[in-house]
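Protein chains: 2
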Amino acid sequence: MNDFPIVNVGICGLGTVGQGVWKHISRSRAKLESRLGARLVLKRASVRDLTKKRSVRVAKSRLGDDPMAVAKDPELQIVCELIGGTTLAKDITLAALRMGKTVVSANKALVCEHGPEIFSAARQHGGHYFFEASVAGGIPIIKALREGLVANRFGRIYGILNGTCNYILTRMEREGLSYPIILKEAKALGYAEGNEALDVEGWDTAHKASILTYLAHGTWVPVKSMLVEGITELTQADIQYARENDYAIKLLAVIQRDLKTDALAVSVAPTLLSRAKVLANVNKVYNGVSVTGDVVGETLYIGLGAGQDATASAVISDIVDAIALLLRGNAPLPEPIEQNCPLNKPELIEGSYYFRLDVKDEPGVLAKIASVTSKSKVSIASVQQRPSPRKGAASLILTTHLSNEKAIRATVTNLSRLDAVLTAPLLLRIASFDD
Amino acid sequence: MNDFPIVNVGICGLGTVGQGVWKHISRSRAKLESRLGARLVLKRASVRDLTKKRSVRVAKSRLGDDPMAVAKDPELQIVCELIGGTTLAKDITLAALRMGKTVVSANKALVCEHGPEIFSAARQHGGHYFFEASVAGGIPIIKALREGLVANRFGRIYGILNGTCNYILTRMEREGLSYPIILKEAKALGYAEGNEALDVEGWDTAHKASILTYLAHGTWVPVKSMLVEGITELTQADIQYARENDYAIKLLAVIQRDLKTDALAVSVAPTLLSRAKVLANVNKVYNGVSVTGDVVGETLYIGLGAGQDATASAVISDIVDAIALLLRGNAPLPEPIEQNCPLNKPELIEGSYYFRLDVKDEPGVLAKIASVTSKSKVSIASVQQRPSPRKGAASLILTTHLSNEKAIRATVTNLSRLDAVLTAPLLLRIASFDD
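Just so you know, the protein sequences line up as chains G and S, in that order. Take 1 as the starting number for the first sequence in our numbering and just add one per residue. Take 1001 as the starting number for the second sequence in our numbering and just add one per residue.
Zero decoy hints are in this set.
Once the Cα atoms are required to be at most 27 Å apart in a straight line, the calculated DSS-like pairs of lysine-lysine come out as:
no. : chain 1 : residue 1 : chain 2 : residue 2
1   : G       : LYS31     : S       : LYS1260
2   : G       : LYS260    : S       : LYS1023
3   : S       : LYS1090   : S       : LYS1043
4   : S       : LYS1031   : G       : LYS260
Bear in mind the hints are in silico, worked out from the structure with no lab data behind them. This one's a predicted model, so the numbers in the text were calculated from it and none came from an experiment.
When you get a sec, could you build the whole thing from the sequences and use the hints?
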């Protein structure tokens, strides 16, 4: 081993993931080094607060509080950016890349917002940027898309990409409790952040969908061009309907590409998914992604989407790939071809829909509602009336045949205007992914 | 594109998979070339019978009937061995590797039987040997184990690795028909080979388990050192028991490693798997693999395990990887570290079991059976009596608490000796994979 070349790695940020990376590399260093034919040295790390206690032992001489000093250390070949955010993280990333280093990251927001600039800096200065950990935690889904399925064009990719939402939905389903109660428990148990908005309103999922879209289609779709809805309005009435009709409700990212026109449509929304689908049975904090390629057919990838160890597993895999590349001259990797596919306007996305609305419990209401839907050319597939917790009210659940977002949105607006409709209708998508 | 370097690829064998590779490379050549920065030329192919009609158009000048001439053609950098078998395929593979070429293969039997010799030839002559298509068709499971999960040690890997068996089991379950009837239909529809023994008796699965074991543990386990049982003795009585008790019956390969002693146990057997497990819901010709790593937790990979297109997807991914490596100097890849883990004798494998046996329908039989099981120190968890198609007989189904293969085999032998037992007991494993 003494004649092994040395590769120095620095870590910016020793939070949960950073400590996981440090711990697992320290533990399996001998195995990794023998596999690589190189010495893997964790040379230094930066933290925000030097006095904070950590679960991993890092020699004082290797620890500082200036991430930029790590990024610019000329002795390091690889820098892990694990501080998160899109400001300092971006500066650190670009500084390291501009010195020709390779940067490994778990930062989905950064990739999503500044991907083109970062990738171009890596190319220009002869380094690489790896981000396997940014989507679906420890599941090697980015490697699958970039390498394993390279022969394919992808008509549909859909998945559960946010563990917090899936955890909340699973518990709502299993325990029959309301969203606010489960959210509170999820926070107490550490499954949801103090500020949960990014997760439960769908933006975290949208960031990941944007990354998958780029990898699969070479096209950057900003989250503001997607249809994005969260899970905060779901109630037990929805969960119960799903159970009785053999569905699960999942917050799904759906990336569709029309293989004839190449038009892309990207959406994130709570969706009724048939229990016959494997992903309907992916529960708790697990993530799952279905990738349909025109050559391979449907493939699925399931695993823990977050957490110290799962994320560290992905980061370490990237570090090992980065070192293997370095040892072979660090030439550029095959990249997704820029395709700039046209983007379907969200309102043109087609599908079937589920509405739940509270209405006055009086004769003639259904006729008024039916008149509204037929004006918007939305064809109703089923109607169910259920008791409402509200006095003098009933809860109506409608499902539709194939329609599109524009017609549905018009319907929601017009329904809300009816005197007999007491609350804004809740809208869910119904997945109709044929086998 | 005119200044792109040229990479010449030859294909030995234009059967189903070979034609798929030819077709899909021809179709997506521009995309692959632009991604790689190289020209990908399908220079020549060999077939057994030059007069046979094929679904892909190959210029006569590129077609011959001598695979060895392809393997030794000095103009080719990459040779795909798609003829199958372990004799001529081995000669071709070694001949190409000895010329420093890279060989891409879908040949699980060859890897399994001659892996060390092949890998060593590749290393020695500066080429590579890729075999993603040999396990689980288009699912990039080999890439996941070698690269994506490199930070992990694998306590348990289990999977459905044979599409023919899974197809037969799914149809037996859904249609209530007997094994021989479904097998006949599967043959007529092309889902089973004319000679189905390799598939239904478990040997194909065992070959794939051997490859996964090497990739995950750096240890070659020959199929003769595994416990291997097939699905040929299953009846509707077993399927019905499974359904009533919320199990599916799957032919599972199970690779266990005791992370304390490093001892490996590899088995292939029809197994009762709880429906709560994702793989219990993987049906028809789909394959699925569960990989539990000590860092990442459980991850799952699901997709088509065979067929022209799925297999071609994996072969093309290997060709692209091979070309990317070539363009970067073709240096060796990180390989599994040879570990030579000790092998648990199959008879020491522990688990719970299911027996079904036809017995004389007379008093005292259960007592005799219970006496046999208790002598072998096998503890019975449940007993069910069902009608037997045989006159004057009853069918008994027993399940056990935790036991091991040795005790179970002794029990089977001793039960078979009882006068009251009319047929050799059918034995199934019950998976007890905790979450």
